[in-house]
Amino acid sequence: MPQFEQFEVFGSLIFWSLLSFGLLFVLLKKYAFPPILEGLEEREKKIRGDIESAEKLNKEAVAMREDLEKELKSAHEKASTIVQMATSESKKIQEKALEETQAKVKQMQNDMEREIEMSRNKLMGEVRSFTAALTIASTEKFLKKTMDDSDRKRLTEESIEEVLKEMQQGQMN
Amino acid sequence: MESPLHHFELHPIVHLSVGGLDISINKAIIAMWVGLALVFALFMMVAGKGRQLVPGKLQSVLEIAMEFIQGMVDEFIGKEEGKKYFSFIASLFIFILTCNLIGLIPGSYTITSQIAVTGAFAVGIFIMTLVIGFAKHGGHFLTILIPPGIPKVMVPIMIPIEIISMLARPLSLSVRLFANMTAGHTVLAVLFGLAMSASIWIGWMPFGFTVVINGLEIAIAFIQAYIFTTLTCVYIGDVINLH
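Going down the list, the sequences are from chains A and B.
Residue 1 is where the first sequence starts when you use the numbering used here, and the numbers rise one by one after that.
Residue 174 is where the second sequence starts when you use the numbering used here, and the numbers rise one by one after that.
Here chain A stands alone, though its shape is the one from the complex:
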């Protein structure tokens, strides 16, 4: 087996392998390992930091959502109260307006009734005074002369004409 027989190469193999290993060890230790290990550590720190900050943000988001939900609930309650108040207020205003309108209508009705009553009274007074005048005038004519039917008719017509004339004059005055 050459590995046990070639003693002459042992020296060079041991020398160069140990020297090469030593050189590799020094070079890797000085130039390669520190940046790689630093990079690993840096990444680990970053990942840890990112996870922590993500967890923190998540907690904040949850708290914020809870706050918003609370605010939304209270806003809903406020809005509902405002709507209720507005409804009752509008109902009151409506009722008040209805009452006022009814009162006004009643007042107008009363006024109208009073006016009608006054007009009727006035008219009745006028009718009474003209009836009296007519009666007086007719009586005067009957008393002046005995009349036949044609006279009666004529005189009555004349009386009515006179009364109408007087009424027109009275209205014009």
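Everything labelled a hint here was simulated from the structure, so no lab data went into it.
A virtual CB, placed ideally from N, CA and C, is assigned to each residue, including glycine.
Check each hint, because a few of them may be wrong.
Listed below are the simulated DSS-like cross-link pairs for lysine-lysine, each with C-alpha atoms no more than 30 Å apart in a straight line [to be verified]:
hint, chain 1, residue 1, chain 2, residue 2
1, A, K153, B, K200
2, A, K45, B, K257
3, A, K92, A, K73
4, A, K78, A, K92
5, B, K230, A, K30
6, B, K309, B, K257
7, A, K141, B, K257
8, B, K325, A, K30
9, A, K46, B, K230
10, A, K59, A, K73
11, A, K46, B, K309
12, A, K46, B, K252
13, A, K91, A, K104
14, B, K222, A, K30
15, A, K56, A, K73
16, A, K45, B, K256
17, B, K200, A, K122
18, A, K46, A, K29
19, A, K29, B, K309
20, B, K309, A, K45
21, A, K29, A, K45
22, B, K200, B, K222
23, A, K104, A, K78
24, B, K325, A, K29
Stretches of chain A that chain B covers, calculated by requiring three or more beta carbons in the stretch to come under 8 Å of a beta carbon on chain B [to be verified]:
hint, segment
25, 25-31
26, 81-89
27, 127-135
28, 154-163
With chain A fixed as given, assemble chain B onto it according to the hints.
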């Protein structure tokens, strides 16, 4: 047919000698350098300006490897103590894995299939653990030879057993890696030799096996690198924490 062990032979390509020690450069050393240069280049691509907060594919692979090794070190040595040894363990894992994998390229060479190399590393690690143990605990470190809770009469028997057990560590560490790499490459050489020497009607079968065994060898390259570094961590952890 050529011997399947023939490709383990090494011949100098560049003759070099320092103080009487032959340090000629051969195929195994060149393959190791190519592999290590590639791996270092990959690391520098990630560690340099190519490093991003959101990693790409190469960066992900290297980061996963780093985290995997860090987990191993933390588990067997301890979080605080482990920091001191992370670079050494990571470099060792990368070195062995690279040497194991580079040898799977046809025409290349696995330097970890040389018992001299695995032995040198295993002995080096063994000596290092002893140094760490004595540096950390002083004379008290020798209590590692007395397992906790044994009756005092057993101590004279246990100490030699523990010494043998301790000395077996570098032996098992080196032989395990060397044997696995040698066996894998020998099987590949045998199957490939069969495929080449047989007619095409039969030859496709060992060739197919070569492909399958090659896949298996990739897995073994990872497993052996993992075992070697894990045991190194365990040995370091043992001398740091004693019992």
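Hint check results:
In summary, the hint linking K153 of chain A to K200 of chain B is not supported, as the alpha carbons are separated by about 172 Å, beyond the 30 Å threshold. At roughly 22 Å between alpha-carbon atoms, K45 of chain A and K257 of chain B fall within 30 Å of each other, so this suggested pair holds. Between the alpha carbons of K92 of chain A and K73 of chain A the distance comes to roughly 28 Å, so the proposed pair stays at or under 30 Å and holds. The straight-line distance between the Cα atoms of K78 of chain A and K92 of chain A is roughly 21 Å, inside the 30 Å bound, and the hint therefore holds.
For the given pair, K230 of chain B sits about 23 Å from K30 of chain A by alpha-carbon distance, which is consistent with the 30 Å threshold. Under the criterion of a C-alpha separation no larger than 30 Å, the hint pairing K309 of chain B with K257 of chain B is consistent with the structure, at around 13 Å. Between the alpha carbons of K141 of chain A and K257 of chain B the distance comes to roughly 160 Å, so the proposed pair goes past 30 Å and is violated. For the proposed pair K325 of chain B and K30 of chain A, the alpha carbon gap of about 49 Å is over 30 Å, so the pair is violated.
Straight-line distance between C-alpha atoms of K46 of chain A and K230 of chain B comes to about 20 Å, which keeps the hinted pair within the 30 Å bound. For the proposed pair K59 of chain A and K73 of chain A, the alpha carbon gap of about 21 Å is at most 30 Å, so the pair holds. Straight-line distance between C-alpha atoms of K46 of chain A and K309 of chain B comes to about 37 Å, which puts the hinted pair past the 30 Å bound. Restraint check for K46 of chain A and K252 of chain B: satisfied, since their Cα atoms lie roughly 22 Å apart, inside the 30 Å limit.
Proposed proximity of K91 of chain A and K104 of chain A is supported: the alpha carbons are some 20 Å apart, at most 30 Å. The hinted pair formed by K222 of chain B and K30 of chain A meets the criterion: a straight-line CA distance of about 16 Å does not exceed 30 Å. For the hint pairing K56 of chain A with K73 of chain A, the CA-to-CA distance comes to about 26 Å; that is within 30 Å, so the pair holds. Between K45 of chain A and K256 of chain B, the direct Cα distance comes to roughly 19 Å. Compliance with the 30 Å bound is thereby established for this hinted pair.
Our distance criterion of 30 Å between C-alpha atoms is broken by K200 of chain B and K122 of chain A, whose separation comes to about 151 Å. Of the pairs offered as hints, the one joining K46 of chain A and K29 of chain A holds, with about 24 Å between alpha carbons and a cut-off of 30 Å not exceeded. The straight-line distance between the Cα atoms of K29 of chain A and K309 of chain B is roughly 23 Å, inside the 30 Å bound, and the hint therefore holds. Restraint check: the Cα-Cα separation between K309 of chain B and K45 of chain A comes to about 33 Å, which exceeds 30 Å; the hinted pair is violated.
Taking the CA atoms of K29 of chain A and K45 of chain A, the gap is near 22 Å; set against the 30 Å cutoff, the hint holds. Pair hint K200 of chain B plus K222 of chain B does not hold up; C-alpha atoms about 34 Å apart against a cutoff of 30 Å. The suggested pairing of K104 of chain A with K78 of chain A is violated, with an alpha-carbon distance near 38 Å, which exceeds 30 Å. A hinted pair counts as satisfied when its Cα atoms are at most 30 Å apart, and K325 of chain B with K29 of chain A does not qualify at roughly 45 Å.
Coverage of the segment 25-31 of chain A by chain B holds. Counting CB-CB distances below 8 Å, 5 residues qualify, and the rule asks for three or more. Counting residues of the segment 81-89 of chain A whose beta carbon lies closer than 8 Å to any beta carbon of chain B gives 0, which falls short of the minimum of three for the stated coverage. Only residues whose beta carbon comes within less than 8 Å of a beta carbon in chain B count, and the segment 127-135 of chain A has 0; fewer than three means the coverage is violated. Check on the segment 154-163 of chain A: 0 of its residues sit with their Cβ under 8 Å from a Cβ of chain B, so the three-residue criterion for coverage is violated.
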